[in-house]
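J.: Spelled out from the first residue to the last, the chains are:
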Amino acid sequence: MISGLTLGERQTAVCLSLALLVLGVIFAGAGQGDPLGVHGFIIAAYAVVVMGAVITGYYAPAPGADRLTQYYDDPTKFGIIVAMLWAIFGMFVGDWVAWLLAYPDMTFDAAWASFGRLRPVHTTGVIFGFGGNALIATSYHVVQRTSRARLPDQLSPWVVLIGYNLFCLLAVSGYLIGITQSKEYAEPEWYADILLVIVWVTYFLLYIRTLARRQEPHIYVANWYYMAFILVVAVLHIVNNLAVPVSLTEAKSYSLFAGVQDAMTQWWYGHNAVAFFLTAGFLGMMYYYLPKRAGRPIYSYRMSIVGFWGITFFYMWAGSHHLHYTALPLWVQNLGMTFSVMLLVPSWIAAGNALMTLNGAWTRVRDDATLRFMAMAAVFYGLSTFEGSFMAIRPVNSLSHYTDWTIGHVHAGTLGWVSMIVFGTFYSLVPWMWKVERMYSRKLVEWHFWLAMAGTLIYVFAMWNSGIIQGLMWRTYNDGGTLAYSFVDSLVAMHPYYIARAVGGFLFFLGPVIGLYNILMTIRLSRETAGTGIAEMPVVALKAGE
Amino acid sequence: MFTRTHYKLERHTIGFAVAIIVVSAIGGLFEIAPLFTIDETVETAPDMRLYTPLELAGRNIYIREGCYACHSQMIRTLRDEVERYGPYSLAVESKYDHPMLWGSKRTGPDLARIGGKYSDAWQVAHLYNPRDVVPQSVMPAYRWLARNKLRTEDLGRHLIAQRRVGVPYTDDMIAHAEQDAKAQVDPDSDNAEGVSERYGEATHVRAFDGNPRDVTEMDALVAYLQILGRLTDAAYQNKDKGE
Amino acid sequence: MSVEKRDPHTGYLTTGHDWNGIEELNTPVPKVIYICLGLAFAFALIYWLLMPAFPLGLTYTKGLLGVSQHSLIDADLQQAQTDQQTVTSKIATLSVDEVRADAGLMHYVRATAVPIFGDNCAACHGIDAKGGPGYPNLTDNSWLWGGDADAVLETLRVGVNDEQHDDTRVSQMLAFGRDGMLDRNALLSVVTYVQSLSKPDAGTVEAIGAGREVFAANCASCHGEKGAGSIELGAPDLTDSVWLYGGDTQSVFNTVYNGRTGVMPSWEARLSDVDRKILATYVLSLGEAGQ
Ligand code: HEM
Ligand code: HEM
Ligand SMILES: [Ca+2]
Ligand SMILES: [Ca+2]
Ligand SMILES: [Cu+2]
Numbered sequence: 001m002i003s004g005l006t007l008g009e010r011q012t013a014v015c016l017s018l019a020l021l022v023l024g025v026i027f028a029g030a031g032q033g034d035p036l037g038v039h040g041f042i043i044a045a046y047a048v049v050v051m052g053a054v055i056t057g058y059y060a061p062a063p064g065a066d067r068l069t070q071y072y073d074d075p076t077k078f079g080i081i082v083a084m085l086w087a088i089f090g091m092f093v094g095d096w097v098a099w100l101l102a103y104p105d106m107t108f109d110a111a112w113a114s115f116g117r118l119r120p121v122h123t124t125g126v127i128f129g130f131g132g133n134a135l136i137a138t139s140y141h142v143v144q145r146t147s148r149a150r151l152p153d154q155l156s157p158w159v160v161l162i163g164y165n166l167f168c169l170l171a172v173s174g175y176l177i178g179i180t181q182s183k184e185y186a187e188p189e190w191y192a193d194i195l196l197v198i199v200w201v202t203y204f205l206l207y208i209r210t211l212a213r214r215q216e217p218h219i220y221v222a223n224w225y226y227m228a229f230i231l232v233v234a235v236l237h238i239v240n241n242l243a244v245p246v247s248l249t250e251a252k253s254y255s256l257f258a259g260v261q262d263a264m265t266q267w268w269y270g271h272n273a274v275a276f277f278l279t280a281g282f283l284g285m286m287y288y289y290l291p292k293r294a295g296r297p298i299y300s301y302r303m304s305i306v307g308f309w310g311i312t313f314f315y316m317w318a319g320s321h322h323l324h325y326t327a328l329p330l331w332v333q334n335l336g337m338t339f340s341v342m343l344l345v346p347s348w349i350a351a352g353n354a355l356m357t358l359n360g361a362w363t364r365v366r367d368d369a370t371l372r373f374m375a376m377a378a379v380f381y382g383l384s385t386f387e388g389s390f391m392a393i394r395p396v397n398s399l400s401h402y403t404d405w406t407i408g409h410v411h412a413g414t415l416g417w418v419s420m421i422v423f424g425t426f427y428s429l430v431p432w433m434w435k436v437e438r439m440y441s442r443k444l445v446e447w448h449f450w451l452a453m454a455g456t457l458i459y460v461f462a463m464w465n466s467g468i469i470q471g472l473m474w475r476t477y478n479d480g481g482t483l484a485y486s487f488v489d490s491l492v493a494m495h496p497y498y499i500a501r502a503v504g505g506f507l508f509f510l511g512p513v514i515g516l517y518n519i520l521m522t523i524r525l526s527r528e529t530a531g532t533g534i535a536e537m538p539v540v541a542l543k544a545g546e
Numbered sequence: 001m002f003t004r005t006h007y008k009l010e011r012h013t014i015g016f017a018v019a020i021i022v023v024s025a026i027g028g029l030f031e032i033a034p035l036f037t038i039d040e041t042v043e044t045a046p047d048m049r050l051y052t053p054l055e056l057a058g059r060n061i062y063i064r065e066g067c068y069a070c071h072s073q074m075i076r077t078l079r080d081e082v083e084r085y086g087p088y089s090l091a092v093e094s095k096y097d098h099p100m101l102w103g104s105k106r107t108g109p110d111l112a113r114i115g116g117k118y119s120d121a122w123q124v125a126h127l128y129n130p131r132d133v134v135p136q137s138v139m140p141a142y143r144w145l146a147r148n149k150l151r152t153e154d155l156g157r158h159l160i161a162q163r164r165v166g167v168p169y170t171d172d173m174i175a176h177a178e179q180d181a182k183a184q185v186d187p188d189s190d191n192a193e194g195v196s197e198r199y200g201e202a203t204h205v206r207a208f209d210g211n212p213r214d215v216t217e218m219d220a221l222v223a224y225l226q227i228l229g230r231l232t233d234a235a236y237q238n239k240d241k242g243e
Numbered sequence: 001m002s003v004e005k006r007d008p009h010t011g012y013l014t015t016g017h018d019w020n021g022i023e024e025l026n027t028p029v030p031k032v033i034y035i036c037l038g039l040a041f042a043f044a045l046i047y048w049l050l051m052p053a054f055p056l057g058l059t060y061t062k063g064l065l066g067v068s069q070h071s072l073i074d075a076d077l078q079q080a081q082t083d084q085q086t087v088t089s090k091i092a093t094l095s096v097d098e099v100r101a102d103a104g105l106m107h108y109v110r111a112t113a114v115p116i117f118g119d120n121c122a123a124c125h126g127i128d129a130k131g132g133p134g135y136p137n138l139t140d141n142s143w144l145w146g147g148d149a150d151a152v153l154e155t156l157r158v159g160v161n162d163e164q165h166d167d168t169r170v171s172q173m174l175a176f177g178r179d180g181m182l183d184r185n186a187l188l189s190v191v192t193y194v195q196s197l198s199k200p201d202a203g204t205v206e207a208i209g210a211g212r213e214v215f216a217a218n219c220a221s222c223h224g225e226k227g228a229g230s231i232e233l234g235a236p237d238l239t240d241s242v243w244l245y246g247g248d249t250q251s252v253f254n255t256v257y258n259g260r261t262g263v264m265p266s267w268e269a270r271l272s273d274v275d276r277k278i279l280a281t282y283v284l285s286l287g288e289a290g291q
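Protein chains in written order, with our numbering: chain A, 1 to 546; chain B, 1 to 243; chain C, 1 to 291.
Hints listed in this document are in silico derivations from the structure and should not be mistaken for laboratory results.
Treat the hints with care, as some may be off.
[As the list claims (entries may be wrong)] With a Cα cut of at most 25 Å, we get these calculated SDA-like pairs of lysine to any residue:
1) B:K149 to A:I177
2) B:K149 to A:V38
3) C:K5 to A:V379
4) B:K105 to A:R394
5) B:K149 to A:I194
6) C:K90 to B:F2
7) C:K90 to B:G86
8) A:K435 to C:N20
9) C:K130 to A:W362
10) C:K130 to B:G108
11) B:K8 to C:K62
12) C:K90 to B:R164
13) C:K130 to B:V134
14) B:K105 to A:S490
15) B:K149 to A:L248
16) B:K105 to A:I458
17) B:K105 to A:A500
18) C:K5 to A:L358
19) B:K149 to B:D120
20) C:K130 to B:V124
21) B:K105 to A:L358
22) C:K5 to B:F2
23) C:K31 to A:L358
24) C:K130 to B:P130
25) B:K105 to A:H495
26) B:K149 to B:A207
27) C:K90 to A:F108
28) C:K130 to C:N20
29) B:K105 to C:D119
30) C:K62 to B:E40
31) B:K105 to A:A110
32) B:K105 to A:W99
33) B:K149 to B:P130
With the hints as extra help, turn the sequences into a complete structure.
T.: This is how it looks when you write it as structure tokens:
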């Protein structure tokens, strides 16, 4: 992949990794006696690996000028593989913590292996590691194709990917050694947060520069969503992570806001991390790969518009539904609830637009597991947004909040929607990227689909059951008008569901393992055929030299 | 009409980006900014006290271990929660919490009013291995807390950082941070008096983990747990403050 | 280049764009969507009118219903109290024995007490109230502080060694070994003697004899001449086979060496008078069943 870079780019890459190395060494030295020092070493080691990779390929012949007539897909390929690795890692940890809730002694006397530290490893691993890499990789692909323009340079896509994965690595390793801000989905500490800001600005500039070069007068819907994802996540991330470090040589920081303001900021962020990371980004993905794979036009351009702006506007008001009945003022809760209800309409417009697009392609959905992944994803998207709007209604939330019902909702969204759209996308994209006719094994794709379906259904049904039982037990009154169950009673009742969830999760986890194998075998296939298989995607002539 | 305008907007990258920012910014501005301007949002509580350095360190351990992943610290305004956990939480009770730890999942019970509910010895035994005292528990065993000595030399810096974000620690408190942390677990030491002077008579000065000589992470965490819900009595008083 | 085409399947026109092969139909937004949007907005509008909703700088719209979160919950709690008034006032006025004599009330007491016990007491005394190391069994009719209703009620109200309550019961087993009051031999012999009180063959006659003297000089002031304990001091009866901290040699040695200060929290601030009475009644009824 280094061979694709020009000599100048290789030099800059070495310089950048050298700068990173210096930064790591400074951290390692200054942070002695603090967990920050450990992160210094990790940064330095990471920089060495990156630099090593660049130097190894340093003397490869420089790429010809004809590269400018082709799309730049190396970063996308890299992102796909990395996303799959994160999927396996994150889901493995997810299943591990699932078992821990059923058998808490299934651990050893090590701090890093305790539930409270592993759980954010899971959430970060899957959301940011798996989801984020999938989004970045596909966004590079989509923006080039829908703009008929090449990425403006070859280095910044790598800066984004390498920097972003360093962020994920710092996050995940940080929790294990006890570095966390405790803000859900924003746990990494100040220096990792700053790193992400840098990465994100680069990402935004890269995106917007590519769009600026487009040959197509109009910006396609998928890019609206990717842009919303990039822009809004930037705003959310910066505001929610405002904090004052204890010192520049310590990892710990204190958030700028406290109490109720902090809670609102956190869930304004938390909810919209769902909205713009787990939803908008993946809607962008869906809007490209689903019609492409189905070979059908988007059902309605007008619905795309209403859906997009509805989602962008309404979502941002909905965060306070995470704080119903709390010490947050009631007026904010009420805004959160009403906007969440209204939010259902644009959400279903988006889901409906996708499903209607499949009209005329249903036989393909039946026969093609890849397309079926995407169709199912749209269904689960509709389902989980319906569930979400329902749970946002105050009386419903009084039952569901704090319980496993939330966990069920989360995984209906993340397994059913996020993961399935990614898998469907990857199974379409991999043959295009490596220029082979199809995936190595269709049968394995079929297997993956059914494992994912079974896993999701078992997981979600187990959590619906346990969540609702839990919620009801907490508030059941006996005839005399006093509480009927103690907390521990409800805990005991959860046990069978926790086992069921862990089993379902294991099935789901097998999916990406099979998937990665299938992808690697496809790549091998492409090596054997030397990429002579036809590209499903016409390579459109680009204006050279741009 | 709308479609036509949009049709034009789609041709302008920057315009589109600006539109996204504007449309998405409205919600947050309406919901977050007023929380700083509407006085009623946070009740007043003249008796509100600050976390001692030891309790603050304990809070940081609570954060580090991810207790918030299973425990909420927010009793909602619902009858069953009030009956099970005590008076519903008020905003003022977490006004010095940077960050707040209200939580979003109750795999274990709410801890907003756990302070004083059990003895130190129980807390220690429970953290050491929850299943020793509650056989049905699924909570992890935190044995290392008893082994690890608490890092105290940087507590002054922690208080300074806290002051930067708005917690009214005094110079005196900052200067004595490390000393106070050590003294709080050693009621017989000469410095114990200073802890109560600086943080109030209600401050617990006890050998939380049973051993007054070493300050362990267990000491800090138990000290923190024992203060939860007891920084102010506001929630127990007659509330007539509206929201 | 935007040439509109008609999609043969749906019959709608495309917008005429083509993004790497993807086209879009210009299908109008179905009416039902506008209806749903209208309905959702109408719902929101009504809600905003009735309830607190929009911020206005230094205040917010209060809504026509004039409710606040606290007024709602406070009314709820008030209602709950009123609903239970008949039973709770009965329990409050009757004595524990009278409550226990009333089968109907006892049904209520049991149903109520079990979850309260589970949420507050079981952590220490166990879900079955049978206790554990350091935490007394409440079903065995062997009481540290007395087994009559008043004593139990008082224990619940003020706790034992709980610094939160000004009137707390105070009891302490001194650390004879750690604080250097007794040497190792004396300790070992008094341990043997204590064990012999409930198990006569616990040690050699000499050791027991030596221990008896140590005991008389150091322990009898609290545990009594015969070691039968003292309810005033909360000092356990050492002659029965019920052990709070364990009766094996090591445990007894630890007790005498390090001392013990069991803490039972006071519940006056946390549980209402009636709840505590219900618990006391329940706990006492357990002992009966266990007999
Ligand atoms: C193999 C599949 C998976 C398993 C077994 C699994 C398991 C779990 C478990 C056990 C928890 C903790 C629940 C609790 O605290 O009670 C959890 C939380 C979570 N997981 Fe997963 N998970 C899986 C896949 C995923 C994926 C693919 C995503 C996202 C793309 C995801 C996102 C989350 C999130 C956001 C939470 C936190 C939920 C909350 O705090 O409300 N999970 N998961
Ligand atoms: C219309 C769309 C949606 C609405 C209105 C909505 C609403 C909600 C509500 C009410 C909660 C529970 C909050 C609580 O009681 O603590 C929640 C939690 C959550 N939802 Fe959704 N949801 C929507 C869509 C989605 C989708 C598509 C996903 C994932 C892809 C998702 C992921 C999550 C996650 C991760 C949480 C857990 C947050 C936490 O850690 O507590 N949601 N959502
Ligand atoms: Ca952060
Ligand atoms: Ca959560
Ligand atoms: Cu939400």
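J.: Take the hints in turn and mark each one as holding or not.
T.: Now the hints, each set against the structure:
Restraint check: the Cα-Cα separation between K149 of chain B and I177 of chain A comes to about 16 Å, which is no more than 25 Å; the hinted pair holds. At roughly 19 Å between alpha-carbon atoms, K149 of chain B and V38 of chain A fall within 25 Å of each other, so this suggested pair holds. Distance restraint check for K5 of chain C and V379 of chain A: the Cα-Cα separation of roughly 29 Å exceeds the 25 Å cut-off, and the hinted pair is therefore not satisfied. Under the criterion of a C-alpha separation no larger than 25 Å, the hint pairing K105 of chain B with R394 of chain A is consistent with the structure, at around 17 Å.
Proposed proximity of K149 of chain B and I194 of chain A is contradicted: the alpha carbons are some 31 Å apart, above 25 Å. Under the criterion of a C-alpha separation no larger than 25 Å, the hint pairing K90 of chain C with F2 of chain B is inconsistent with the structure, at around 70 Å. The straight-line distance between the Cα atoms of K90 of chain C and G86 of chain B is roughly 24 Å, inside the 25 Å bound, and the hint therefore holds. At most 25 Å may separate the alpha-carbon atoms for a hinted pair to count; K435 of chain A and N20 of chain C meet this at roughly 17 Å.
Distance check on the hinted pair: K130 of chain C and W362 of chain A sit about 64 Å apart at the alpha-carbon level, beyond 25 Å; violated. Among the hinted pairs, K130 of chain C with G108 of chain B is consistent with the structure: their alpha-carbon atoms are about 23 Å apart, no more than 25 Å. Between K8 of chain B and K62 of chain C, the direct Cα distance comes to roughly 41 Å. Violation of the 25 Å bound is thereby established for this hinted pair. The suggested pairing of K90 of chain C with R164 of chain B is violated, with an alpha-carbon distance near 56 Å, which exceeds 25 Å.
The straight-line distance between the Cα atoms of K130 of chain C and V134 of chain B is roughly 13 Å, inside the 25 Å bound, and the hint therefore holds. Between K105 of chain B and S490 of chain A the CA atoms are separated by roughly 14 Å; this keeps the pair inside 25 Å, and the hint holds. Only pairs whose Cα atoms come within 25 Å are accepted, and K149 of chain B paired with L248 of chain A is accepted, the gap being roughly 23 Å. The suggested pairing of K105 of chain B with I458 of chain A holds, with an alpha-carbon distance near 21 Å, which does not exceed 25 Å.
The suggested pairing of K105 of chain B with A500 of chain A holds, with an alpha-carbon distance near 19 Å, which does not exceed 25 Å. At most 25 Å may separate the alpha-carbon atoms for a hinted pair to count; K5 of chain C and L358 of chain A meet this at roughly 18 Å. A C-alpha spacing of about 18 Å is found between K149 of chain B and D120 of chain B, which places the hinted pair at or below 25 Å, so the restraint holds. Only pairs whose Cα atoms come within 25 Å are accepted, and K130 of chain C paired with V124 of chain B is accepted, the gap being roughly 21 Å.
For the hint pairing K105 of chain B with L358 of chain A, the CA-to-CA distance comes to about 38 Å; that exceeds 25 Å, so the pair is violated. The hinted pair formed by K5 of chain C and F2 of chain B meets the criterion: a straight-line CA distance of about 22 Å does not exceed 25 Å. Pair hint K31 of chain C plus L358 of chain A holds up; C-alpha atoms about 21 Å apart against a cutoff of 25 Å. For a cut-off of 25 Å, the pair hint linking K130 of chain C to P130 of chain B stands: about 18 Å separates their Cα positions.
Taking the CA atoms of K105 of chain B and H495 of chain A, the gap is about 16 Å. The hint holds against a cut of 25 Å. Annotation: proposed proximity of K149 of chain B to A207 of chain B holds, straight-line Cα distance about 14 Å (limit 25 Å). For the hint linking K90 of chain C to F108 of chain A, the alpha-carbon distance of about 53 Å lies beyond 25 Å, and the restraint is violated. Between the alpha carbons of K130 of chain C and N20 of chain C the distance comes to roughly 74 Å, so the proposed pair goes past 25 Å and is violated.
With a C-alpha separation of about 18 Å, the suggested pairing of K105 of chain B with D119 of chain C holds against the 25 Å cut-off. Among the hinted pairs, K62 of chain C with E40 of chain B is consistent with the structure: their alpha-carbon atoms are about 13 Å apart, no more than 25 Å. A C-alpha spacing of about 24 Å is found between K105 of chain B and A110 of chain A, which places the hinted pair at or below 25 Å, so the restraint holds. Our distance criterion of 25 Å between C-alpha atoms is met by K105 of chain B and W99 of chain A, whose separation comes to about 17 Å.
A hinted pair counts as satisfied when its Cα atoms are at most 25 Å apart, and K149 of chain B with P130 of chain B qualifies at roughly 21 Å.
In the structure shown, a violation is registered for the earlier hints numbered 3, 5, 6, 9, 11, 12, 21, 27 and 28, in ascending order.
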